[in-house]
Amino acid sequence: MKPGPSKLWPDVAPEWIQNLPEKIEDIFYDFYKCFIYDDRYQLYLDGLVNTLKLTLLALIMGVVIGVVIALVRSTWDKNRHELRGISKGFLHICNWICNIYVTVIRGTPVLVQLLIWWFVAFASSRDGISVAAFAFGINSGAYVAEIIRGGIMSIDPGQMEAGRSLGFGYVATMRHIILPQTLKAVLPSLANEFIVLLKETSVAAYVSVAELTYAGNIVGGISYDYLFPLLMTALIYLVMVTFFTFLVGKLERRLRTSER
Amino acid sequence: MNDNIIISAQDLKKHFGKSNIKALDGVSTDIKKGEVVVVIGPSGSGKSTFLRCLNLMEVPTSGTILFNGNNITAKNTNINIHRQKMGMVFQHFNLFPHMTILKNMTLAPIQLLKKSKEEATNKAMALLARVGLEDRANAYPSQLSGGQKQRIAIVRALAMEPEVMLFDEPTSALDPEMVGEVLEVMKELASEGMTMVVVTHEMGFAKEVASRVLFMDEGKIVEENTPDEFFSNPKNPRLKDFLSKVL
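Top to bottom, those sequences are chains A and B. Taking the working numbering, the leading residue of the first sequence gets 13, the next gets one more, and so forth. Taking the working numbering, the leading residue of the second sequence gets 14, the next gets one more, and so forth.
No lab work stands behind these hints: they were computed from the structure. Any given hint might turn out to be false.
Unchecked claim - EDC-like cross-link-like pairs, simulated, lysine to aspartate or glutamate; straight-line CA separation at most 16 Å: (1) B:Lys-31 with A:Glu-34; (2) B:Lys-200 with B:Glu-221; (3) A:Lys-90 with B:Glu-71; (4) B:Lys-88 with A:Glu-94.
Please read these numbers as outputs of a predicted model, since none were measured by experiment.
Working from the sequences, and respecting the hints, build out all of it.
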């Protein structure tokens, strides 16, 4: 069995650190214990990779669900009075299902949703990352749907009329004219959703997915010291969020200048 | 049936919502090939609604529209096919802001008429040259003035080689000094024999270019005549009153 960190400390610590006052030496020792001993930094890195994986998978799923739902809901809102017959009934039911989905997902905590997927719906699965990514994707879809729906509704109705007057059908006008403008308009909001999602995935630690928060928690447990692991975890989130916020700001400025 | 009639509107009625206010209250008229029909009237008279009914931008509550003899108000009609042959120009231009001028003009011909990119581009450049904007082909709509935008909107519709052009107050959103350049393009179009239906407040244009002027009030055509007779010898009291205010 590998000797504990306190046994190894006199061998690995440089002399000048060991000569420091005891209180200050303790800080260096704690740091060693939480990050260097037994390659524990690797746990944070693996956790970070899993966090990014979860976020990206959930975002892709959220955008796909969001676009579909936004199209159903905005089509219904704008055309309910003109539609007739079977297509009206079909769209009415689709819109109804979408409404329930958005209401339920936005009205319940994401942790409760995750626990239901993990312990009930996919109780036989042992693949925590996939289940968690699925849970966050479903959750994010409801929020992305509202972002994109707002984007579609904000496009001048004259754009749809211009497309239709040239002979494009409703779907073709959506595809060539409305959606490209919508996506451009909501890109900053989508990027913000990505940032929110990044932090939200920490909830996956609850079902033992080895993401960043889980890593910090585990190291805290095995080293009997929670201060440094949790501070480091928070710092990594903060750096990532700051970095992505900076990117979103750049993106917003870029989009604004291309309009002129 | 007369071969020269391109659009025949028969007893069009339009109610909005559940209200009893009739935007159109039994409008009938035939538009012949090569005719320039100018529709004038006070605001709320239904003139825009009438124009927008012609290509089913608004679906009339009742009545029939024949386009080249086809009943386009029938339930099973594919309106998209017919709209390709009916160009429309809007008050607010409605150019696609995320596309260059060239892309604005080639999108529909490439997607709908299945033209090659090269063919559509050549056609678009020729049209741009006609309105003196070939140097703006790669600009975005936001980089153009209102008059330029409207001229682009006209040639975008022309790129589909329509048989009839519908103008919905094409100069109403323009600064006064830009109205002339747009009317100039429309006059040229009329002189080439394009069939046009124009809703406008430009009485000068109506006098000079129209083959027939319609006056609408409260959802009805209350007077129609050649421009000479229409302006010099109006009969309907409401038209007289209207003309005394705008001329």
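Item to check | Index of numbered hints that the structure contradicts, given in increasing order | outcome: Hint 1 contradicted; others consistent.
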